[in-house]
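**Q** Spelled out from the first residue to the last, the chains are:
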Amino acid sequence: MSKYVLIVDDDPDMVETVGMMLESKGYEVGKAYDGIEGEESIQKRRPDLLVLDVMMPRKNGYVLCAELKKNKKTKDIPVILLTAVGEAVPSTAYSHAEGMETEAEDYIAKPVDAQVLVDSIERLFV
Amino acid sequence: MPKIRLGGVKVVENRSYLCLSSRMEGDPLGQMCSSLAEGRVNVGLLTYLADNAIGESITAVSARSLFSFPGCTLEMAGTEMCEAAAIDNNVCRISLFPHDEKPEVTASAISAMDAGAVKPYTFASSPSAVTVVVSSSNFDGAMESIFDSFALPACVSYSEWRAVYRMDEQQLKEVRFSYSEQIIGIYGFTCQTGLDLWNIPLPIEYAGCFGAFLSKLGKLGLKLPFMISNSAPVKKSVLFSLALKRDRCGTIKETLDEFLPGNSFFFRGPVSVIFIHGPHFGDRYGIADAFVTALRNGGIPLLALSCAVSSISAVIDAEQPDKAIEALKARFQTRDGRR
Chain A
1 MSKYVLIVDD DPDMVETVGM MLESKGYEVG KAYDGIEGEE SIQKRRPDLL VLDVMMPRKN
61 GYVLCAELKK NKKTKDIPVI LLTAVGEAVP STAYSHAEGM ETEAEDYIAK PVDAQVLVDS
121 IERLFV
Chain B
1 MPKIRLGGVK VVENRSYLCL SSRMEGDPLG QMCSSLAEGR VNVGLLTYLA DNAIGESITA
61 VSARSLFSFP GCTLEMAGTE MCEAAAIDNN VCRISLFPHD EKPEVTASAI SAMDAGAVKP
121 YTFASSPSAV TVVVSSSNFD GAMESIFDSF ALPACVSYSE WRAVYRMDEQ QLKEVRFSYS
181 EQIIGIYGFT CQTGLDLWNI PLPIEYAGCF GAFLSKLGKL GLKLPFMISN SAPVKKSVLF
241 SLALKRDRCG TIKETLDEFL PGNSFFFRGP VSVIFIHGPH FGDRYGIADA FVTALRNGGI
301 PLLALSCAVS SISAVIDAEQ PDKAIEALKA RFQTRDGRR
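Taken in order, these protein sequences are the chains called A and B.
Counting from 1, one number per residue, gives the positions in the first sequence under the numbering used here.
Counting from 1, one number per residue, gives the positions in the second sequence under the numbering used here.
Think of the hints as simulated: they come from the structure by calculation, not from any bench.
C-beta atoms are modelled at their ideal positions from N, C-alpha and C, and glycine is treated no differently.
Footprint (simulated), chain A over chain B, 3 or more residues, beta carbon under 8 Å:
1. 5 to 18
2. 93 to 99
3. 126 to 136
4. 185 to 192
5. 270 to 284
6. 300 to 313
Please build the complete structure, drawing on both the sequences and the hints.
**A** Structure (structure tokens):
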């Protein structure tokens with residue numbers, strides 16, 4: 001049975017692009033377009049893995065990730081954070097370091113390379 | 001009629017809109033893009049049509065505020081090059097997604113605006129979303145009509161949506177701090193071939209009939225990979241430009257005659273559409289300029305363009321996609337370093 005990956009990003013073109021990437025690799029893909037919608041989607045169906053954007057309206061990816069990791073029902077869901085952050089801008093509020101503090105299992109800078117994302121997902125599923 | 005189920009709606013409020021129709025020998029698109037990039041003005045939405053069949057090109061742009069347009073951009077409105085200009089300093093952009101290239105989604109958006117007596121300035125497609133620009137004075141009516149026509153997952157009504165919605169300006173500032181690329185990172189290039197570019201001018205009151213025409217195309221199995229429309233604020237007509245499969249030309253003509261009998265149209269083909277998509281393209285300055293400049297440097301004429309949400313869709317001659325992608329690689333690359 002294929003693994004269920006939920007993508008949460010407020011950029012619809014991004015959700016479709018990453019969704020197609022993952023579907024072509026045999027994953028079942030769910031889609032949500034902001035943090036609140038992502039949260040509702042997780043309550044309806046627990047994903048095997050979450051691909052979570054950081055900068056989103058209503059609830060950003062850091063907040064959602066932190067909440068999931070504090071909840072014993074969801075803390076084991078692996079989370080990959082997609083950040084807009086380049087290493088050259090460490091002072092931004094959306095820094096790599098802050099991503100790590102939220103206990104996400106991995107972070108990847110956007111634009112996401114398909115193989116980098118798939119490698120990360122497969123590493124987390126081992 | 002059952003509502004179409006969508007993934008979501010995204011709104012950007014308090015923006016400005018500028019539409020220029022210009023003589024074709026000028027380069028208003030290049031001039032506008034370069035002056036906006038120099039002024040570090042984010043182009044949230046841009047549409048362009050090279051030829052409206054009466055010797056003019058049409059360029060429309062939506063940005064933060066009228067004051068964010070550099071003076072040279074506004075001055076274009078008063079030059080010999082510019083035939084007509086229209087400005088609204090308070091517009092909203094509403095993006096609906098995903099459309100999955102189904103004409104029914106865009107058709108319903110057009111029909112919703114018509115039912116709400118809202119006259120949009122512009123429609124612009126991206127690979128996943130359709131964006132409509134309306135005057136802020138029409139925003140409530142537009143959104144109520146959208147919630148009447150579409151089923152959205154998070155909120156069942158406009159009032160419910162309004163209660164939870166907030167636009168995060170701080171987020172946009174963070175985006176601008178986060179990217180400083182010489183070569184702009186993208187997810188990749190995609191291309192569709194075997195298309196015609198249809199241009200259908202209409203009196204604005206016939207927009208609902210155009211929506212019905214599109215809806216029928218969807219029922220006939222056609223896809224809509226590209227569409228823009230332009231309607232200057234003071235004009236009472238709208239010009240829809242759309243890319244449709246060339247091998248369905250006969251069906252399209254018949255359907256057009258069914259819903260808009262006797263209406264004029266003109267089309268150009270064969271054409272191809274190139275799509276590129278990158279993170280926060282809609283929130284960063286200089287992206288449209290990089291794209292337009294790269295194609296111009298590569299000698300690729302743009303027939304039509306839509307920069308909306310976080311994608312750029314460009315209509316070019318059918319024979320040009322490989323050359324265009326090669327030209328674009330000078331400014332855009334996928335993240336793994338492939339160029």
